[in-house]
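Chains A and B, in that order, give the protein sequences. Taking full-length UniProt numbering, the leading residue of the first sequence gets 1, the next gets one more, and so forth. Taking full-length UniProt numbering, the leading residue of the second sequence gets 1, the next gets one more, and so forth.
Derived from the structure by calculation, the hints contain no laboratory data. Treat the hints with caution; some may be incorrect.
[To be verified] Computed, partial: chain A to chain B, Cβ under 8 Å:
1) Ser203
2) Met279
3) Lys385
[Said to hold, decoys possible] Below, simulated EDC-like cross-link-like pairs (lysine to aspartate or glutamate); rule was C-alpha separation at most 16 Å, straight line:
4) A/Lys236 / A/Asp199
5) A/Lys385 / B/Asp277
6) A/Lys385 / B/Asp284
7) B/Lys109 / A/Asp159
8) B/Lys109 / A/Asp124
9) B/Lys168 / A/Glu365
10) B/Lys109 / B/Asp80
11) B/Lys168 / A/Asp386
12) B/Lys113 / A/Asp159
13) A/Lys286 / B/Asp277
14) A/Lys13 / A/Asp198
15) A/Lys129 / B/Glu110
Given the structure is predicted, the values throughout are model-derived calculations rather than measurements. C-beta: ideal position from N, C-alpha, C; glycine also.
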Amino acid sequence: MNIHEYQGKDILKRYGVRVQEGIVAETADEAVEAAKKLTEQTGTSWHVIKAQIHAGGRGKGGGVKLAKNLEQVKDIAGQIIGMQLVTKQTGAEGRKVHKVLVAQDVYYPGDSEPKEYYMSVLLDRTSGKNVIIYTTEGGMDIEEVAEAHPEKIHKEVIDPRVGLRPFQAAKIAYNLGLSGEAQKEMVKFVTALYKAYDDTDSSMFEINPVLKTSDNKILAVDAKVTLDENALYRHKDFVALRDTNEEDPLEVEASASNLNYVKLDGNVGCMVNGAGLAMATMDIIKLSGGEPANFLDVGGGANAQTVEAGFRIILKDPNVKAILINIFGGIVRCDRVANGVVEAYKNIGDIRVPIIVRLQGTNAEEGARIIDESGLKVYSAVLLKDAAQKVKEVLAMTGANA
Amino acid sequence: MSVLVNKDSKVIVQGFTGSEGSFHAQQMIDYGTNVVGGVTPGKGGQTHLGRPVFNTVADAVREAGADTSIIFVPPAFAADAIMEAADAGIKVIVTITEGIPTKDMIAVKEYLKGREGLRMIGPNCPGVMTAGECKVGIMPGFIFSKGKIGIVSKSGTLTYEAVDQLTKAGLGQTTAIGIGGDPIIGTTTKEAVELLMNDPETEGIVMIGEIGGGMEAEAARWIKETGNKKPVVGFIAGQTAPPGRRMGHAGAIVGGADDTAAAKMAIMRECGIHVVDSPAEIGDTMLRVLQGEKVTA
Chain A
1 MNIHEYQGKD ILKRYGVRVQ EGIVAETADE AVEAAKKLTE QTGTSWHVIK
51 AQIHAGGRGK GGGVKLAKNL EQVKDIAGQI IGMQLVTKQT GAEGRKVHKV
101 LVAQDVYYPG DSEPKEYYMS VLLDRTSGKN VIIYTTEGGM DIEEVAEAHP
151 EKIHKEVIDP RVGLRPFQAA KIAYNLGLSG EAQKEMVKFV TALYKAYDDT
201 DSSMFEINPV LKTSDNKILA VDAKVTLDEN ALYRHKDFVA LRDTNEEDPL
251 EVEASASNLN YVKLDGNVGC MVNGAGLAMA TMDIIKLSGG EPANFLDVGG
301 GANAQTVEAG FRIILKDPNV KAILINIFGG IVRCDRVANG VVEAYKNIGD
351 IRVPIIVRLQ GTNAEEGARI IDESGLKVYS AVLLKDAAQK VKEVLAMTGA
401 NA
Chain B
1 MSVLVNKDSK VIVQGFTGSE GSFHAQQMID YGTNVVGGVT PGKGGQTHLG
51 RPVFNTVADA VREAGADTSI IFVPPAFAAD AIMEAADAGI KVIVTITEGI
101 PTKDMIAVKE YLKGREGLRM IGPNCPGVMT AGECKVGIMP GFIFSKGKIG
151 IVSKSGTLTY EAVDQLTKAG LGQTTAIGIG GDPIIGTTTK EAVELLMNDP
201 ETEGIVMIGE IGGGMEAEAA RWIKETGNKK PVVGFIAGQT APPGRRMGHA
251 GAIVGGADDT AAAKMAIMRE CGIHVVDSPA EIGDTMLRVL QGEKVTA
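Based on the provided sequences and hints, a complete structural model is requested.
Right, here's the structure in full:
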């Protein structure tokens, strides 16, 4: 589960990780109040107004701006709140900004030059251990650094038996070229950061940039935090951090019906049991000349209710020209699924797109018979290749194939 | 022969008396699996599905000679259940449970390390099935037929799809291993492929993967290094899946360039694996490959 920068920073602070301080605001007036309060608390004279959306690349998209006085705070916050922010991670339509973080300016002049670093903590799947990844090339797109200067990216593997050791924290600080007070501050920063990651059951922390200020403090200027959804039962207070504004409304509706749905841009909807088969079904749609409109896994309990809920969600997408239902009935009986399809079809009433139902497994023939005799505009298939062929034919009929 | 489980496996069910455990234990018994009992703490001494219930896995090992365990306990207790099974000396642990926190699995992986002769399959997997002999999982038994193809897969229903196609192609199966789709699993694609390569009854292998991680590439390179001893037909689900939906930037670095379906398929082809673009072609392709036809899928 992804959370906002301001929420991530709250978590980091609880563990003693120094962060760029800020106050969240939902209107331009609130932003001004936040800026005044922040000046009282931190002495900052300038403020950074940062759009709060779950996507990187906000700065380049115009979602992060510096305000040098309260008038500018009001103007900039007013521009950013409500804007449709497009970054390379949001897709072309962008994401609507509902909140901004009014943050202190941490790039103030002083005895030394401020310097930016990159640091993330995440699972290395190959070793089954957590790793801290870091580089001196902060503030940049980490993928570009990996491409251009792979030798500048360091990894520190954490042994699960003993956790992060002090020598590792020290090594990280030295490898970042730090010495004296800044080196000690970095050791504290890394130690607290890893403890926060471990205690909160996070899947990923990405701090870009980590900043050494001109007075040798180390702090997190940004915080991208992903929590392990499977561990939320241990952290009940984190459940409230979910922001459904950041999710596609259809995906929110699907998750309420226990369906795993991801909206895509294609023209053929699909409904499948099992994530692997669902992805494979999307691939079949593409090979048959269509483009998948969604990923939809109805899970192990495909019944009339889930089929109907799935239908309703897919049909809300105006791009959908055909629907392929692909159920491999192991425990689930195909005749029941077939009855569910017929029932859902009748309940919804006005389905104008052709539907291909492929039922295989337990009672598959019976399922196909129910579909064929229903009198509905539904095509049945038993073999996967027949289903692919039917998709091709249907797309040819509707003239929707590429 | 077969791998991991056979008619002599003495199987217990952890989470035996729960609804999932009961349902699937009955299905396993109906398939002919030698289920020697189950474990539900606090219900030791009772009888369930005509089999004894034990309080601990250690009791089940001592009193019923259990050597294989299948785990259905809820996610919050699953890591502990796996460790208990390992501690009691169980040799094959199959974890069906979905939704175990990653942090718990990091601890499990460390706990299992270095234990001689122990193999853990899963979690979040459909289990292991040796056709005609033993089902330690939730796969539908009736689609299997005893034969000569081994299957390794990250996904449940996609495994059934492959099994069904192999049955319809008249090839049948030796053992199907559902390794699971979680970030941390007990047995990797390469390890499962290696088991099947070393099984004299298995004449061909179907390897099914999906986007994310580098396990298929690792398996493919191992297959090539060891001389492509048996034909392998491969499929990677998710050619049309959008990037970045589940993993952030940093994840992509650790996973490396092996992460996308296209990249994995290219590596597999380079390593001599017969990669199919369509999941509908798995059975037919294996048949053609075994008949000696050169398949340039």
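Now the hints, each set against the structure:
The restraint placing A/Ser203 at the interface with chain B holds, with a minimum CB-CB distance near 6 Å, inside the 8 Å limit. A cut of 8 Å between beta carbons decides the hint on A/Met279: the least distance to chain B is about 4 Å, and the hint holds. Using the Cβ-Cβ criterion of 8 Å, the hint placing A/Lys385 at the interface with chain B is satisfied: the shortest such distance is roughly 4 Å. With a CA separation close to 13 Å, the supplied pair A/Lys236 and A/Asp199 stays within the 16 Å bound.
Distance hint between A/Lys385 and B/Asp277 is fulfilled; the C-alpha atoms sit about 12 Å from each other, no more than 16 Å. Distance hint between A/Lys385 and B/Asp284 is fulfilled; the C-alpha atoms sit about 11 Å from each other, no more than 16 Å. A hinted pair counts as satisfied when its Cα atoms are at most 16 Å apart, and B/Lys109 with A/Asp159 qualifies at roughly 12 Å. This hinted pair checks out: B/Lys109 and A/Asp124 have alpha carbons roughly 13 Å apart, not beyond 16 Å.
Using a Cα cut-off of 16 Å, the hinted pair B/Lys168 and A/Glu365 holds, with the two alpha carbons roughly 15 Å apart. For the hint pairing B/Lys109 with B/Asp80, the CA-to-CA distance comes to about 12 Å; that is within 16 Å, so the pair holds. Note on B/Lys168 and A/Asp386: the hinted pairing holds, with a Cα-Cα distance of about 14 Å set against a maximum of 16 Å. Under the criterion of a C-alpha separation no larger than 16 Å, the hint pairing B/Lys113 with A/Asp159 is consistent with the structure, at around 13 Å.
Between the alpha carbons of A/Lys286 and B/Asp277 the distance comes to roughly 10 Å, so the proposed pair stays at or under 16 Å and holds. Annotation: proposed proximity of A/Lys13 to A/Asp198 holds, straight-line Cα distance about 14 Å (limit 16 Å). Between A/Lys129 and B/Glu110 the alpha-carbon distance is near 9 Å, which keeps this suggested pair within the 16 Å criterion.
In summary, the structure agrees with every hint in the numbered list given earlier.
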